[in-house]
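In order, the protein sequence lines correspond to chains A and B. Following our numbering, the numbering of the first sequence begins with 4 at its first residue and continues without gaps. Following our numbering, the numbering of the second sequence begins with 386 at its first residue and continues without gaps.
It cannot be assumed that every hint is accurate.
[To be verified] Pairs of lysine-lysine, BS3-like flavour, derived with a Cα cap of 30 angstroms:
| id | chain 1 | residue 1 | chain 2 | residue 2 |
| --- | --- | --- | --- | --- |
| 1 | B | K440 | B | K549 |
| 2 | B | K410 | A | K401 |
| 3 | B | K593 | B | K864 |
| 4 | B | K853 | B | K864 |
| 5 | A | K401 | B | K549 |
It should be emphasised that the hints constitute simulated quantities derived from the structure, not laboratory data.
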Amino acid sequence: MNGTIQAPSIEYALLAPVLVVFGAAIVGVLVEAFAPRYLRSAIHLPLTLLSLAGAFALAVWQAVKGVPTKPAAMGAVAVDGPALFIWGTILILAFVSVLLIKDEEHFVGSAAAVPGSAEEEQSLVERAAHTEVYPLVLFAVGGMLLFPAANDLLVAFVALEVMSLPLYLLCGLARRRRLLSQEAAVKYFLLGAFSSAFFLYGTALLYGFAGSVDLAKINQALGAVGGQDTLLYIGAAMLGVGLLFKIGAAPFQAWKPDVYQGAPTPITALMASGTLVAAFGALLRVFWVGLGGLDWDWRPVLYGVAILTMVVGAILAITQTDIKRMLAYSSIAHGGFLLIGVIATGQTQAENTSALSGLLFYLVAYGFTTVGAFAIVTMVRDPGGEAWHLSRWAGLGKRSPLLAGTFAFFLLAFAGIPLTSGFFGKYAIFQAAVANGAMPLVIIGVVASAIAAFFYVRVIVLMFFSDPAADGPSVVLPSRGTAAVVGIAALATVVLGVYPQPVLDLAHTAAQSLFVR
Amino acid sequence: MPWLSTLMGVSVLGALGVTLVRNDKLAKQFTLVVSLIVLALTVAMAVQFSPNGDKFQFAETHDWIPAFGVHYGVAVDGIALVLILLSVILVPIVVLASWHDAEAGKRSVRTYFSLLLVLEAMMIGVFAATDVFLFYVFFEAMLIPMYFMIGSYGGAQRSYAAVKFLLYSLFGGLLMLVAVIALYSIAGKGTFMFSDLVGTIQDVTTQKWLFLGFFIAFAIKAPLWPFHTWLPDAAAQAPAGAAVLLVGVLDKVGTYGMLRFCLELFPDAAKFFTPLVIVLSVIGIVYGAIVAIGQTDMKRLIAYTSVSHFGFIALGVFAMTTSAGSGATLYMVNHGFSTGALFLIVGFLVYRRGSHFIADYGGVQKVAPILAGTFLVAGLSSLSLPGLSTFVSEFMVLTGTYQRYVVPAVIATVGVILAAIYILWMYQRTMNGPTAESVKSLPDLNAREKWVVAPLVALLLVFGFYPKPLLDVINPAVKDTLSSVSVTDPKPAVPVAQEGQ
Numbered sequence: 004m005n006g007t008i009q010a011p012s013i014e015y016a017l018l019a020p021v022l023v024v025f026g027a028a029i030v031g032v033l034v035e036a037f038a039p040r041y042l043r044s045a046i047h048l049p050l051t052l053l054s055l056a057g058a059f060a061l062a063v064w065q066a067v068k069g070v071p072t073k074p075a076a077m078g079a080v081a082v083d084g085p086a087l088f089i090w091g092t093i094l095i096l097a098f099v100s101v102l103l104i105k106d107e108e109h110f111v112g113s114a115a116a117v118p119g120s121a122e123e124e125q126s127l128v129e130r131a132a133h134t135e136v137y138p139l140v141l142f143a144v145g146g147m148l149l150f151p152a153a154n155d156l157l158v159a160f161v162a163l164e165v166m167s168l169p170l171y172l173l174c175g176l177a178r179r180r181r182l183l184s185q186e187a188a189v190k191y192f193l194l195g196a197f198s199s200a201f202f203l204y205g206t207a208l209l210y211g212f213a214g215s216v217d218l219a220k221i222n223q224a225l226g227a228v229g230g231q232d233t234l235l236y237i238g239a240a241m242l243g244v245g246l247l248f249k250i251g252a253a254p255f256q257a258w259k260p261d262v263y264q265g266a267p268t269p270i271t272a273l274m275a276s277g278t279l280v281a282a283f284g285a286l287l288r289v290f291w292v293g294l295g296g297l298d299w300d301w302r303p304v305l306y307g308v309a310i311l312t313m314v315v316g317a318i319l320a321i322t323q324t325d326i327k328r329m330l331a332y333s334s335i336a337h338g339g340f341l342l343i344g345v346i347a348t349g350q351t352q353a354e355n356t357s358a359l360s361g362l363l364f365y366l367v368a369y370g371f372t373t374v375g376a377f378a379i380v381t382m383v384r385d386p387g388g389e390a391w392h393l394s395r396w397a398g399l400g401k402r403s404p405l406l407a408g409t410f411a412f413f414l415l416a417f418a419g420i421p422l423t424s425g426f427f428g429k430y431a432i433f434q435a436a437v438a439n440g441a442m443p444l445v446i447i448g449v450v451a452s453a454i455a456a457f458f459y460v461r462v463i464v465l466m467f468f469s470d471p472a473a474d475g476p477s478v479v480l481p482s483r484g485t486a487a488v489v490g491i492a493a494l495a496t497v498v499l500g501v502y503p504q505p506v507l508d509l510a511h512t513a514a515q516s517l518f519v520r
Numbered sequence: 386m387p388w389l390s391t392l393m394g395v396s397v398l399g400a401l402g403v404t405l406v407r408n409d410k411l412a413k414q415f416t417l418v419v420s421l422i423v424l425a426l427t428v429a430m431a432v433q434f435s436p437n438g439d440k441f442q443f444a445e446t447h448d449w450i451p452a453f454g455v456h457y458g459v460a461v462d463g464i465a466l467v468l469i470l471l472s473v474i475l476v477p478i479v480v481l482a483s484w485h486d487a488e489a490g491k492r493s494v495r496t497y498f499s500l501l502l503v504l505e506a507m508m509i510g511v512f513a514a515t516d517v518f519l520f521y522v523f524f525e526a527m528l529i530p531m532y533f534m535i536g537s538y539g540g541a542q543r544s545y546a547a548v549k550f551l552l553y554s555l556f557g558g559l560l561m562l563v564a565v566i567a568l569y570s571i572a573g574k575g576t577f578m579f580s581d582l583v584g585t586i587q588d589v590t591t592q593k594w595l596f597l598g599f600f601i602a603f604a605i606k607a608p609l610w611p612f613h614t615w616l617p618d619a620a621a622q623a624p625a626g627a628a629v630l631l632v633g634v635l636d637k638v639g640t641y642g643m644l645r646f647c648l649e650l651f652p653d654a655a656k657f658f659t660p661l662v663i664v665l666s667v668i669g670i671v672y673g674a675i676v677a678i679g680q681t682d683m684k685r686l687i688a689y690t691s692v693s694h695f696g697f698i699a700l701g702v703f704a705m706t707t708s709a710g711s712g713a714t715l716y717m718v719n720h721g722f723s724t725g726a727l728f729l730i731v732g733f734l735v736y737r738r739g740s741h742f743i744a745d746y747g748g749v750q751k752v753a754p755i756l757a758g759t760f761l762v763a764g765l766s767s768l769s770l771p772g773l774s775t776f777v778s779e780f781m782v783l784t785g786t787y788q789r790y791v792v793p794a795v796i797a798t799v800g801v802i803l804a805a806i807y808i809l810w811m812y813q814r815t816m817n818g819p820t821a822e823s824v825k826s827l828p829d830l831n832a833r834e835k836w837v838v839a840p841l842v843a844l845l846l847v848f849g850f851y852p853k854p855l856l857d858v859i860n861p862a863v864k865d866t867l868s869s870v871s872v873t874d875p876k877p878a879v880p881v882a883q884e885g886q
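Can you build the whole structure from these sequences, using the hints too?
Structure follows, in structure tokens:
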């Protein structure tokens, strides 16, 4: 063996958006190490925002310049139409979330201090702050970008971990209800680690089957390799478990309410929007590209999972009394609706394009609305922090009509009422599903929507039709960042609900060539 | 001139304008002016309508969402025109009648009137839409303003009633959404324009499924028995003005939808399901009337009478004769005026005495003769007394039905008799007899209230003696609809009271 190792060719220009984000994250770590404490926030915030904006600009430039038809980096990363669209979406949503994260009052001063201890007091007095939040967020966003673009399972696994590890940590940093927050972090970590193990084991088994971790090669092997079906099926199933866990599809949804509830609300906003988008991107790529030839086998399973997810999400949401848990179950139900889009593949490329573009549009619409909703959650406060209990929201419509009106509008968008973005998202997916013969799924989706509407409407009833409690929560004057987030989210929800055509066109163009192989 | 867009635009701008006015009184006056402008514009449009011209007139079509084949398409035929007229006539009356409604709950007066104008725009839109998708959008979106009007400004159990109303309608709407999507996919035309979709679904089984998707939504909306249970709650809890629009206009979207979409898009399925619908309608007519007799709450009573009346309308629609179809359409208009008048006058009573219950009144006629007199006229119109407009329409529905379905027509006639019982008995208990202690000092109608009632009573009388202008507009449209279902009137045709004399 005297062969020289060939240096891999890496298309740095194509990967630039991801590299910019990771680079900024590393610079952020250096800032933590060397910059004086009082300067850190002032450096981090512009650094983070600029890097996200820069990455977005690079992604747009990439899309304008022409989408490559071959995977980059020796087939490891696919920068194709859907990937660029997902990148753009994640980067905007992350940018918006960072505007929420910048209100540092949401984060604990010293995470290592035991809740209620003298050290905690001390950290409050010193006005300590964890400015590591910014680089951690950037690492997570970098992982989110890489995950849906990963064209081989090992890269996907690395991206999954890069995305998840910072999020585990960030979940535990809530300033109030700290035990709940720490519990959330531990739960998320343990279950997340478990699901990563599933993903990795699945990867190993598929490698055993196909002799490669490259998605395209696995797909080729589907027709060529015989007699290894056990490896294939178990591997595919395990891979599916790992991915469905990240989406929060039933029966792997149990972590979602706990984590959404415990995490600092700005981080919840980031997870509910960015992580969901990234995970769906990856799920699509793995199932459509890697296991595309196996769709006869996975389709019935995902069919069941989609139904279960919609129903579980919609029904369990009814019983929630915590606003964040309710939004978490709502996010589970929406995950179910999105899964309909994953299943709605057909025989022709046009049919698949319509399913994919519908899904991409739904992700954009849902992402914005959900960030806006969580931004409003941060603004309604009790003396002890956010007014999490739903009963505390009673009569909010009288006290601050604008805020309650905006929140009601977001809820109507979640419920899919016409003239909001949520309606067209649902419509796009349902239409693709009907066109591809998944009528029963659509009917169940419609019934689940009706059930879901009940609990959204219940919150509106509370806010507008109930009388306010005497000691009701106060609505803080939003910081400029939070106000901007709510404004952007509301604007997106209106515009996508009244004139969705431009974004639909964009999604269609992105989905046109489907995923590169 | 884009008439229909102008109408909607004026209403929407008015709604925005109301929220900007800082003074409640000014906001009310502003709303009234806006609604009168819309009325004037609509009348100006209506006089240009030529009954024997194109089927759809004042048409506007623009691409809205080409990716889904959705257009912003609006136009009116005779049926839509009279229903839009009904809506825009009722709105200023409701504004004037609701002058003090929103103040009771210490809730924002401006919001109430702003919602009213938004609702007006959507009512025009839903009847004018010639794109099935656009129709659906209005059909669902118009629930939201009504939901807030009931929930924020209604009676004691308003939030229960509002949620029930919203969830029933939403559920029906979602079933319709599935049918709308399937219609688009199966037709394969790449467009939602109504005129392009007519006749595209040939397979009878498919038609039946799609028909059910649309029909259940409309049957909940209208409401037909057994989908009616939300209506008494919603109508009883809604403020009087909102109840008028709810029962007078919003519910008509259901019967209008049956006539326009169920019949024309799915003719074979419509014929297949006709016996079922007729049975439901007849049950509704009798059931609604009997339950109305037993009510102790005046608003619930009126709501149940409407269940009975909607039975007549659905019967007329599905009898599929020109006379019954035109009668049903005319019935939609007349029912709006007559039930509207009843709700508003009951609203005036309730505003004075603070109670919905029949038992709390008695002998009101002696202290408030004008109130009692107009109440009697409205009531008589509800039981279809000859000389009032509702008689014409009910008679047309019954004779039209009789031409094809003798037994249902005969049973439905029982509803007419029962109507006399529930109305006259309610009148007797509240207005006649010894004056109850609590109503001794009840003031009669004031000038504003007279202005509310006068146009309604006038319309009931005028169209009672001379329905020709309405029928001239309605008849060609109904004939056209029935011809696209390819049914012809049975022979020998019974002479029909076209002139209502």
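Verification of the hints:
no. : hint            : result
1   : B:K440 x B:K549 : violated (38 angstroms)
2   : B:K410 x A:K401 : holds (20 angstroms)
3   : B:K593 x B:K864 : holds (23 angstroms)
4   : B:K853 x B:K864 : holds (16 angstroms)
5   : A:K401 x B:K549 : holds (22 angstroms)
Hint 1 from the earlier list is the only one contradicted by this structure; the remaining hints agree with it.
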